[in-house]
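Here is how the chains run, residue by residue.
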Amino acid sequence: MAKKFMYMNTKAPYGTIYALESLEVVLIGAAFEQDVSLAFIGDGVYQLTKGQNTDGIGMKNFSPTYTALGDYDVNKIYVEKESLEERGLSLDDLQHLTWEDEDEDWAEKDSIRLVSRSELADVIEDQDVILSF
Amino acid sequence: MAKKFMYMNTKAPYGTIYALESLEVVLIGAAFEQDVSLAFIGDGVYQLTKGQNTDGIGMKNFSPTYTALGDYDVNKIYVEKESLEERGLSLDDLQHLTWEDEDEDWAEKDSIRLVSRSELADVIEDQDVILSF
Amino acid sequence: MKLGIQINEGPYQHQSSDSAYQFAKAALAKGHEIFRVFFYHDGVNNGTRLAVPPQDDRNITQQWTELQKEHNLDLVVCIAAAQRRGLMDEDEAKRQGKDANNIAEGFRISGLGQLIEAGIECDRLVTFGA
Amino acid sequence: MKLGIQINEGPYQHQSSDSAYQFAKAALAKGHEIFRVFFYHDGVNNGTRLAVPPQDDRNITQQWTELQKEHNLDLVVCIAAAQRRGLMDEDEAKRQGKDANNIAEGFRISGLGQLIEAGIECDRLVTFGA
Amino acid sequence: MATLHTVNKSPFGSSVLDDCLGLAKSGSTVLLFEDGVYAATTGTKSAEAITNADGITFAVLGPDAKARGVEGKIADGIKVVDYDGFVDLVAEHDKVHAWL
Amino acid sequence: MATLHTVNKSPFGSSVLDDCLGLAKSGSTVLLFEDGVYAATTGTKSAEAITNADGITFAVLGPDAKARGVEGKIADGIKVVDYDGFVDLVAEHDKVHAWL
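Chains as they are written, first to last, in the working numbering: chain A, 1 to 133; chain B, 1 to 133; chain C, 1 to 130; chain D, 1 to 130; chain E, 1 to 100; chain F, 1 to 100.
Since the hints were made in silico from the structure, they are not lab data. Glycine residues also receive a C-beta, built at the ideal position from the N, C-alpha and C atoms. Warning: the hint list may mix true and false statements.
Said to hold, decoys possible - Ranges of calculated distance between the beta carbons of each label pair, as one might list FRET restraints:
#: 1; chain 1: B; residue 1: Asp122; chain 2: E; residue 2: Ala91; range: 49 to 57 Å
#: 2; chain 1: C; residue 1: Asp99; chain 2: A; residue 2: Asp55; range: 31 to 39 Å
#: 3; chain 1: A; residue 1: Asp55; chain 2: F; residue 2: Ala2; range: 55 to 63 Å
#: 4; chain 1: B; residue 1: Asp126; chain 2: E; residue 2: Ala91; range: 25 to 33 Å
#: 5; chain 1: A; residue 1: Pro64; chain 2: D; residue 2: Asn72; range: 32 to 40 Å
#: 6; chain 1: D; residue 1: Arg95; chain 2: A; residue 2: Leu114; range: 26 to 34 Å
#: 7; chain 1: C; residue 1: Lys94; chain 2: A; residue 2: Asp126; range: 25 to 33 Å
#: 8; chain 1: D; residue 1: Glu121; chain 2: B; residue 2: Glu108; range: 31 to 39 Å
#: 9; chain 1: C; residue 1: Lys94; chain 2: E; residue 2: Asp84; range: 42 to 50 Å
#: 10; chain 1: D; residue 1: Asp56; chain 2: B; residue 2: Asp122; range: 47 to 55 Å
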């Protein structure tokens, strides 16, 4: 039976490598056919901002990879509302992440689920394994 | 002419190595005959607590080294009052650090100077080089 | 109980590896099984045999090597993280055309799938990091 | 102006070394002198020649090696910090009875006094860390 | 599913304990270890918050508190455990959520 | 002696910016770089605090803000500099105080 895996993303990109190396685990983990969710809380929500351009800092811009998650069947992406608001951000500031639903003739659906802190707590409660980054 | 060097100690001991490796710089630096001060602010004040005992965590207890600083002519040790208070600590919770004043027949004097945030700001203002740990 | 351990920080700089080691020792003493210790991020640096810590301090890598020997632990260093940071074994050094390797006895290099597998196989995954 | 640079974190895990590199390049382009770059704490791990980062990413150590060559930079790795973490040159490997070394071209290993000296000699000391 | 939350950062320099308490559900346990032990020391805002947290159990890793010289300052009602106790907490809960 | 303070941490996860502002004297400059750039983005408490700080000049490292996709969100009145500007700030001040 598949286990429920949740990747907890709590850190901003580029300042540290955790965001990038978390994404690398997600991509590899997708092959294991478990029930995968990603959560972005705190500074982790900054990972999903639109318009990242790393030309000036000499680092690799890995933000396009988030848009590929749908192709890996990773489509439960929880973003905590309170974390966004505290940072003066809204969903419009984030990349538009989608996936295609095989069961509905490949209809394109949103991957991001904007949830309140208490809704997210319920989702986490229901997980089997938490991977923290 | 000697420069005024200030070591800014801002982190708790053991959780990270910065406190220990800062102390190693101070000991080496003492040979260079500069005008040396140490400041302990924020979680840095925890470096000076009495009664540290690392037997249970398998790490080296380096807190006795602070008491040797006087022998290295390192005797200007500033501890920020507000940082102590916020942590429920008082001077009594810290090690008693002393030095012997050659000019006064080796009289034993206190090395720790308890200063307010604004007094410390003035001291820092007066420094030439800040080494941050 | 079957436990998995993940270590995200290098030796000495953070307490993570020390805490994980103390935890692992206690778990083994209580009869738990440690399915795998997975070294990720800077955690891969725990696996170098070139460290020479001061005589009066612990040798973190050696502690892991000895615990590995005693309990036949599976100490896995993530290859992707290791490549970035310069931790390699003999095979990897050959493949990459490097003239030296630095992995310590008792550690092996493998892929990220080993972490996922630990998550699947273990009753609990315990992560030590910063 | 004479500048000293201190780097406290290893490559990739934190941006410190990247920021210091960009800063150093800009300072040199403006005609400033870089008296020394001192690698302390995990910063010593910037000096390994065994890293093999992904092809589409920067190679931090190589960037420093090239900048060193171009400007004859003094890249100093702290010996005490390096010993703890397993960064060594050939001499040090011999002294410690190790069968390999891993220091990259352009870096040298020396004592903490080199940091103090940088503080004394430089007009400004700029620290990059976490 | 009862969760064991682990927190290893000082509450003064980092928001991690607050982040954890914001998401921890009633019935879960928070283990404070490494620099996280300072959160449980008397005379601090964090110890007050901990003491007033409803439905959450707190534990402190004794060896870490002792190393830091604050073993005698752990607020009343907070359980102190050693590494054996840490292992037991892991076994007794359904999963471990490390707050990094 | 005018000081350049450098802050590279997010104000949400770390107390470093607050610690810096508590000790920074009038006439000094605070450079926000790496994850520190988020502190200057509109709609945050930190940007408000920065805008109201008396006698302290703030600057943001543009390349870091751009990398993070927040270049267009830097609050009005905060100077954006590139690495050249970072070097100039270092040269123009008497010393650099890195807040780590």
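Structure-based check of all given hints:
| no. | hint | in the structure |
| --- | --- | --- |
| 1 | B/Asp122 - E/Ala91: 49 to 57 Å | holds, 54 Å |
| 2 | C/Asp99 - A/Asp55: 31 to 39 Å | holds, 34 Å |
| 3 | A/Asp55 - F/Ala2: 55 to 63 Å | violated, 32 Å |
| 4 | B/Asp126 - E/Ala91: 25 to 33 Å | violated, 56 Å |
| 5 | A/Pro64 - D/Asn72: 32 to 40 Å | holds, 39 Å |
| 6 | D/Arg95 - A/Leu114: 26 to 34 Å | violated, 59 Å |
| 7 | C/Lys94 - A/Asp126: 25 to 33 Å | violated, 46 Å |
| 8 | D/Glu121 - B/Glu108: 31 to 39 Å | holds, 35 Å |
| 9 | C/Lys94 - E/Asp84: 42 to 50 Å | holds, 44 Å |
| 10 | D/Asp56 - B/Asp122: 47 to 55 Å | holds, 50 Å |
Comparing the model with each earlier hint shows violations of hints 3, 4, 6, 7; every other hint is respected.
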